[in-house]
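Between the sequences and the hints, there should be enough to build the whole structure, so can you do that?
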Amino acid sequence: MKITPEEVAHVANLARLHLSQAEVEEMTRQLDDILNYVAKLNELDTDGVEPTTHAISIVNAFRVDEVRPSLARERSLANGPRQNGESFVVPRVI
Amino acid sequence: MSLNSLTIHKLQEMLAQGKVSAVEVTRDVLGRIENIEDKVQAYITYDPELALQQAEAADKKLKNGTGGSLCGIPVSIKDVLCTEGIRTTCGSRILENFVPPYDATSIVKLKQADAVFVGKVAMDEFAMGSTSENCAFGPPKNPWNTEYICGGSSGGSAASVAADECFASLGTDTGGSIRQPASHCGVVGLKPTYGRVSRYGLVAFASSLDQIGPLTKDVTDCALMMNAISGYDANDSTSVPQEIPDFRNALKEGLQGMKIGIPKEYFIKGLDPEVEQNVNKGIEVLRQAGAETVEVSLPHTEYCVAVYYLIAPAEASSNLARYDGVKYGFRDMSSDSLLDMYRNSRSQGFGGEVKRRIIIGTYALSSGYYDAYYKKASQVRTLITEDYQRVFETCDVVVSPVTPTPAWKLGEKLDDPLSVYLSDILTISANLAGIPGISVPCGFSRDGLPIGMQIQGAHFQEEKLLKVAYNLELHLNISHLRPDL
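If you're matching them up, the sequences are chains G and W in order. So in this note's numbering, spot 73 of the first sequence is number 73, and the numbers just go up one at a time. So in this note's numbering, spot 260 of the second sequence is number 354, and the numbers just go up one at a time.
Some hints here could point you the wrong way.
Said to hold, decoys possible - Output of the computed footprint for chain G on chain W, the stretches with three or more beta carbons under 8 Å from beta carbons of chain G:
{"id": "1", "stretch": "431-440"}
{"id": "2", "stretch": "460-472"}
As the list claims (entries may be wrong) - For the chain G half of the interface with chain W, some residues (derived, Cβ under 7 Å), not all of them:
{"id": "3", "residue": "His18"}
{"id": "4", "residue": "Gln21"}
{"id": "5", "residue": "Pro81"}
{"id": "6", "residue": "Pro91"}
Said to hold, decoys possible - Here are some chain W residues the structure puts well away from chain G; computed CB gaps all over 12 Å:
{"id": "7", "residue": "Leu100"}
{"id": "8", "residue": "Lys113"}
{"id": "9", "residue": "Val117"}
{"id": "10", "residue": "Asn129"}
{"id": "11", "residue": "Asp141"}
{"id": "12", "residue": "Gly159"}
{"id": "13", "residue": "Gln336"}
{"id": "14", "residue": "Asp340"}
{"id": "15", "residue": "Phe361"}
{"id": "16", "residue": "Glu386"}
{"id": "17", "residue": "Trp502"}
{"id": "18", "residue": "Phe538"}
Just so you know, the hints here were simulated from the structure itself, not pulled from any lab data. For every residue, glycine included, the Cβ atom is placed at its ideal position computed from N, Cα and C.
Okay, here's the thing in structure tokens:
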């Protein structure tokens, strides 16, 4: 096994996902399949190969630093599940 | 022949000559949707009233000669592109009620061209999938046989075009999501070069791979759509300042002087014999049109799926962190702590495939595994890109199948995500290398399911792709065929 149910539960927590025990078990099995498959990459010697992060590199995509119109507050808030006209409201943190 | 089965370029002639109005065309398409949408189920949101208003405005512009390049043409939009005032779900419960406050740049461009917006079409949730079965609002069906998948993730785009429920659609392609459904539904689908079309307002899945492109009824329409949506955009720092040709100029008969590579690694074990036969028939047609063909090698092709299923989920796990129930989207109102709210909102809002990819991506990026997975995959990505660079030193384009098999039955592979991932093997490399690829219909299986041919080229060589595709279409003469719905 490449991955254990405990690791899946840990990663789910990092990703802020709640998984039921049944989901953890199913996900472990599927992830194990996938990780076994991607281990195929170890067949290749990549010493000294530069990693690609973007297929077409744009260096220094600058634009003029000028004030432009932005969304009005009420429109920015409009999709908020809970808001008070000034801010998004969330459960108390402190 | 009904209006809705025409192409954009045919319709444009008729609109220009005043033989038909944009309102008549739009009514005809809306009627078509009324008649067959219960079978195809391509649309998530559609607004006949708004479409007719836009068609009326288009008719005014046509009359006074101020119409844009797609004036009065009804189009559908994959539900992953932000449309101001029209909900944009990404095929997900988590965005079921999300109404964007702005338009994606590609939408702005279609508006400037005076296109008519029929509606938003179905897709795999957050574009993750190859069958559109991961759509939270139900999968669209293949118009050629509604028991079969239409492909994905831009399945609604391909199905709506193939079923004459619009004249063209915008889709997105992260690992084949335009080309594969285009192939399965018998329409033309182009993934442009990364950076050719602005991604601003495209809800991100894997930012280094995502690209917007058209799905159309023929190659000429594809060129017209590309003319409308291409171009640099200051709002997308990865869009490339590159001159935009008139893509119609590429549509010339004859392939003399063109060298076409046939990558041996794309004719893999497990390739369906009917797919192979039809693609080989297409290659013969290209030879007869004057092209020279030569076998080439893209030796790292077999690694592309492994690279993709590390890089795409890694980027997705980061991009999808924004769905936390705070600013927009679904929130679990019963949670009384912030952490529970995040967890419960995300767990209830996301479907299984999205969760699976978030977890793969989070794992691949997590401390201790980064070098073994993400870095390794990014290095092999370089090797895949170098393969192409070598081949395009001697060839203009490479041609191959788009998918190893024709479409399969709905529900057939739901329990086996890895086998579905593997079906992407012929389309993924183009995204990893950022090169353009097009799918063009080249035949049918004995069961009557469409089969496409893929043409790939070097960065910003879309014109060569269109030229080869145009010649294939011209000689095969099958683009007028329509499913019996």
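A quick look at each hint next to the structure:
1. Check result for the stretch 431-440 of chain W against chain G: holds, 9 residues qualifying (beta carbon to beta carbon below 8 Å, three or more required).
2. Counting residues of the stretch 460-472 of chain W whose beta carbon lies closer than 8 Å to any beta carbon of chain G gives 6, which meets the minimum of three for the stated coverage.
3. Residue-level restraint check for histidine 18(G) holds (minimum Cβ-Cβ distance to chain W is 4 Å; threshold 7 Å).
4. Nearest Cβ of chain W to the Cβ of glutamine 21(G): about 14 Å, over the 7 Å cut. The hint is violated.
5. Against a cut-off of 7 Å between C-beta atoms, the interface hint on proline 81(G) holds, since the closest Cβ of chain W lies about 4 Å away.
6. With its C-beta approaching chain W no nearer than about 5 Å, proline 91(G) sits inside the 7 Å limit, and its interface hint holds.
7. Distance check for leucine 100(W) against chain G: the nearest CB is about 36 Å away, which clears 12 Å, and the non-interface claim stands.
8. For lysine 113(W), the shortest C-beta to C-beta distance to chain G comes to about 42 Å, beyond the 12 Å cut-off, and the non-interface label holds.
9. No beta-carbon of chain G is positioned within 12 Å of the beta-carbon of valine 117(W); the least distance is around 31 Å.
10. Asparagine 129(W), annotated as away from the interface, keeps every beta carbon of chain G farther than 12 Å; the closest lies near 35 Å.
11. At roughly 19 Å, the least C-beta separation between aspartate 141(W) and chain G is larger than 12 Å, which holds for a residue marked as non-interface.
12. At the 12 Å boundary, the C-beta of glycine 159(W) stays outside the reach of chain G, the nearest C-beta of that chain being 32 Å off.
13. Distance check for glutamine 336(W) against chain G: the nearest CB is about 10 Å away, which does not clear 12 Å, and the non-interface claim fails.
14. Consistency note on aspartate 340(W): stated as away from chain G, and its beta-carbon is indeed over 12 Å from all of that chain's, at 22 Å minimum.
15. The beta carbon of phenylalanine 361(W) sits about 20 Å from the closest Cβ of chain G, which is more than 12 Å, so the claim that it is off the interface holds.
16. At roughly 28 Å, the least C-beta separation between glutamate 386(W) and chain G is larger than 12 Å, which holds for a residue marked as non-interface.
17. Listed as outside the interface, tryptophan 502(W) is consistent with that label: its C-beta sits roughly 19 Å from the nearest C-beta of chain G, beyond the 12 Å cut-off.
18. Its beta-carbon lying about 32 Å from the closest one in chain G, phenylalanine 538(W) satisfies the requirement of being farther than 12 Å from that chain.
Hint violations for this structure: numbers 4, 13, all remaining hints satisfied.
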